[in-house]
Amino acid sequence: AQSVTQPDIHITVSEGASLELRCNYSYGATPYLFWYVQSPGQGLQLLLKYFSGDTLVQGIKGFEAEFKRSQSSFNLRKPSVHWSDAAEYFCAVVETGGGNKLTFGTGTQLKVEL
Amino acid sequence: KAGVTQTPRYLIKTRGQQVTLSCSPISGHRSVSWYQQTPGQGLQFLFEYFSETQRNKGNFPGRFSGRQFSNSRSEMNVSTLELGDSALYLCASSLGVRETQYFGPGTRLLVL
Chain A
1 AQSVTQPDIH ITVSEGASLE LRCNYSYGAT PYLFWYVQSP GQGLQLLLKY
51 FSGDTLVQGI KGFEAEFKRS QSSFNLRKPS VHWSDAAEYF CAVVETGGGN
101 KLTFGTGTQL KVEL
Chain S
1 KAGVTQTPRY LIKTRGQQVT LSCSPISGHR SVSWYQQTPG QGLQFLFEYF
51 SETQRNKGNF PGRFSGRQFS NSRSEMNVST LELGDSALYL CASSLGVRET
101 QYFGPGTRLL VL
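So the protein lines, in turn, are chains A and S. So for the first sequence, our numbering puts the first residue at 1; every next one is plus one. So for the second sequence, our numbering puts the first residue at 1; every next one is plus one.
Since the hints were derived computationally from the structure, they do not count as laboratory data. Glycine included, each C-beta is placed from N, C-alpha and C at the ideal position. A portion of the hints provided could be inaccurate.
[Unchecked claim] Just so you have them, the derived chain A footprint on chain S, three or more residues with Cβ under 8 angstroms:
1) 13–21
2) 26–36
[What the hints assert, rightly or not] For lysine-lysine, the following BS3-like pairs were computed, each having C-alpha atoms within a straight-line distance of at most 27 angstroms:
3) S:Lys-1 x A:Lys-61
4) A:Lys-49 x A:Lys-111
5) A:Lys-61 x A:Lys-49
6) A:Lys-68 x A:Lys-49
7) A:Lys-49 x S:Lys-57
8) S:Lys-13 x S:Lys-57
9) A:Lys-49 x S:Lys-1
10) A:Lys-61 x A:Lys-111
Isolated chain S, as found in the complex (with noise of 0.2 angstroms):
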């Protein structure tokens, strides 16, 4: 069965633009959720979606958004890019709720 996976890999941006992040859940998967990781910080939760609707949001501005698809297929966005917002994004996926999640390779994000 194939993993999650997460496109682009890496994504130079700058100052003030928007970004839109793909993941694809391992097939049967409904819960997809998106964490933010960097030096600083930490791994820190952004948000949860299953069957198309946000289960859970942490605590991030309303710059981050997400959307989940009927195919369980799921998206981030981030508008108005600032420079803090550099970092890895990962994706994750699961059966359920409190299932085991599953990761993907992540997406490096850059602003400058």
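Bound-form chain A, shown alone (with noise of 0.2 angstroms):
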């Protein structure tokens, strides 16, 4: 079975400075990748996505992503972090033949310093 491994529960950076979230998923075949975000008491909000194509993909609220097929990985980043990105952080991979079924991983927790 297809799993997702977040390998950082928690993460705090500073405002301003950059944030790498990672994770690594275990897949035989070409993965469909996605971030959500959540932020207390909410539901999931869709970051970026990766399909097929440009291994590099662009999301919402600056942030962005990267498929590395040799290293199992699609790691979320963003230049520079914002309070207002205080949530969690979820990755998630559809299997295939599960139809839309989402296997998520754990979480990262992200806190901000002002």
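Please assemble the complex out of the two chains, which come individually in their own frames, going by the hints.
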């Protein structure tokens, strides 16, 4: 079965600093990969997705992610973090043959220091 | 275009009761999926419906069931509630297979 690993449970960065959240997946074929963000008490908002093509994808709120097949990674980056980026971030992958079933990582809680 | 809506937003039940949660997808979306989110288990897939048919099911007991109506609205039902069913239940809709899923705000269920 496929899996998604987010090694960092908590990350703290200063406002204005750069950010990288790690995501590794275990999957045989080319995966469909997603990053979602969740603010406290809210649902999940899609930041960006990778289906195919250019391995560097741009998302909303200034986020980008790079798909690296050789490393089975899909890390999320932002050059300059804003205090409003504090939230929980989830990496997810869609299974093949399983319709739209999303398998999520355990999430990374981002804290932004002012 | 309106987003995914879920009702109710909050619910308190007691053990042994049953509960029904509702999800209205984005207009034109035919796929609806349900997820359970808890601090201990994270986000777990419950089931997916497409054109009124259950297409996929996660590893949950038979107490968890769902259905989808002809207008794509979906309901999930949990019978004989247990304390461990306390969670945020999220619904997501998409146009079709392996399309982007858009999530609703969730229904927070507390079982006492």
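(request) Could you work out which earlier hints the structure fails to respect and list their numbers in ascending sequence? (result) Violated hint (a single one): 1; every other hint is consistent with the structure.
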